[in-house]
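Visitor: Residue numbers (the working numbering), protein chains in the order written: chain A, 3 to 504; chain B, 59 to 151.
All clues given are correct.
DMTMM-like cross-link-like pairs, simulated, lysine to aspartate or glutamate; straight-line CA separation at most 20 Å: (1) A:K109 / A:D304; (2) B:K116 / A:E74; (3) B:K116 / A:D304; (4) B:K116 / A:E93; (5) A:K151 / A:D166; (6) A:K100 / A:E31; (7) A:K238 / A:D267; (8) B:K116 / A:E309; (9) A:K151 / A:E216; (10) B:K116 / A:D311; (11) A:K417 / A:D435; (12) B:K116 / A:D117; (13) A:K492 / A:E447; (14) A:K414 / A:D377; (15) B:K116 / A:E78; (16) A:K151 / B:E141; (17) A:K238 / A:D296; (18) B:K116 / A:E312; (19) A:K100 / A:E181.
Going by beta-carbon spacing under 8 Å, a handful of chain B positions derived as facing chain A: (20) L71; (21) V118; (22) C127; (23) A142.
No wet-lab data here; the hints were simulated from the structure.
Every value quoted in this text rests on a predicted model; they were computed, and no experiment measured them.
Here a beta-carbon is modelled for each residue, glycine too, at the ideal position from N, C-alpha and C.
Okay, here's what each chain looks like letter by letter:
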Amino acid sequence: MSGGMPPRSSMPGAGDGASGEWEVVIGLEIHVQLSTNTKMFCSCPVTFGEEPNTMVCPVCLGHPGTLPVANERAVEYATRIALALGCRIAEHTVFHRKNYFYPDLPKSYQISQFDLPLGLGGRLDVELDDGSLFPVGVTRVHMEEDAGKLVHAGGATGRIHGADYSLVDFNRGGTPLVEVVSEPDMRTPEQARAYLTQLKGLLEHLGVSDVNMEEGSLRCDANVSVRRPGAPLGVKTELKNMNSFRYVQRGLEAEIERQISALEDGETIVQATVHFDPVTGSITTLRSKEEAHDYRYFPEPDLVPIEIDEAYVERVRASVPELPAARRQRFVADYGLPAGDAGILAANRPLGDYFERVAELSGDARLSANWVTGDLSAHLNSTGVGVHESAVTPEALAGLLALLGDGTLSSKLAKDVFQVMLETGRDARAIVDERGLGQISDVVELEGIIAAIVEANPGPTEEFRQGREKVLSFFVGQVMKQTKGQANPKLLNELLRKHLAG
Amino acid sequence: MISREEVEHIARLSRLRFEEDELERLQHGLSAILDYVKTLGELDLDGLEPTAHAVDLKNVLRADEPGVCLSQAAAVANGPVVEAGQFVVPRIG
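Isolated chain A, as found in the complex (with noise of 0.2 Å):
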């Protein structure tokens, strides 16, 4: 393909192959860890980066005759996200045993939830790119605890001693997790990744999880599938354990891209669990056995019921903060802010409390937003810093605009005390002070300078009273070299005029 971006509709995933159109069908589940102090049926604290099988007990640990005790706030918090997803909560709810061999899992089942979830039939609107929504339902969400770390050694990670093992710390081992099972509603990659992305500035927002894809406290699977438009579902794959938004969109691209040349080829697609390689990009089919999926789930007789009323929804509703889609209307309503900024700042709790903070010291929540969305998150962005951890407070940053306001700076100018401003942690008003960087905006000054600057050059001058407007441009320059770029460009531009003009 020469010149540029194939169409939309060629690229894998949007569904079109060889002999013509494919549906895609994707259905995405999310696991976040809670941010909770102890785990999930135990009082270990809730860690991360901890010595090995530091943080564990008998019960976390699985020893025998020990009893799980749930965690309030972990059931708290699953409501809370139940809630906010729109699902209606359990009034009887249970956990049941999973049952299934893996060194990570000492006690060879996990607590989980099977037929009497927590909170059933939500429903999530995810805003794409070009500001539509779709909506995503929300087939349940669940409570259940997460397994151990297995870490390689030997062999291939290039120890040299002995054969290849793992090593198995239990220090995550029932860490509260949530469960959070999309209808199978997407049809693109975008799609899916958009509502990852919206489900993590939700679940941020909620203050219930750090939602940290690197450090694994969200995790994500997919189910996907292709079909004929009309048809039934076609067989579906797992594609397991993404940990970032962008390997979840090429993840499913590949998969896709594999299912439909599989299909054209006339092959049959097999129920399995797939792996994505973001280095080669390729996808391995990891042949599971029917019994692995037989978990034999039955209640977990050491935990009794949940049982929820409606004094208890309504006081955790009351908790839910304010969401991003309606924090998003009312930044547009209250601050008058374009539909693009207020969607990036609705959409990051800690930003749009930033930018809020910003645009009440500043009085101009317009420029706020700029500056926020703009320069600032381009650094928090490059760092990868958090917005509460940054240098510039929003009373530094309001300070800055409060200069760019008053004229002491020029937008140029205020950029570069912007990057000192990052670097040192210092206020706007010291800096210009110190660095001597304001704006010239002494009419006497300017006028001086540039009355010798027109003497010097008699030609441009000329030309310019002979009507050629471009050789003004030519002066701003030399005035701008000459006083380090510190004019204040309005009023250079007023007086250049009026000098030339003779």
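Got chain A; can you put chain B on it based on the hints?
Guide: Just chain B now, with coordinates in the frame of chain A:
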């Protein structure tokens, strides 16, 4: 009587290996247990809600407050093979 295949399936799920004669014995033994439990089906339970427990308990929850953990040495003390404070297991997958 449950089938021989079912017994083998359950054995695989349980990661247990049985000899030929044991499988046969288990097929009869497990069937006898299931038949015995089946006698409960003779009771008339119409209109009765199933209960999860013999005792009528609900909402047993704990406050989200950290407690005491084991030391690393104690945590891995029962591991047959231990390295760097972690349990050593055969490589998976």
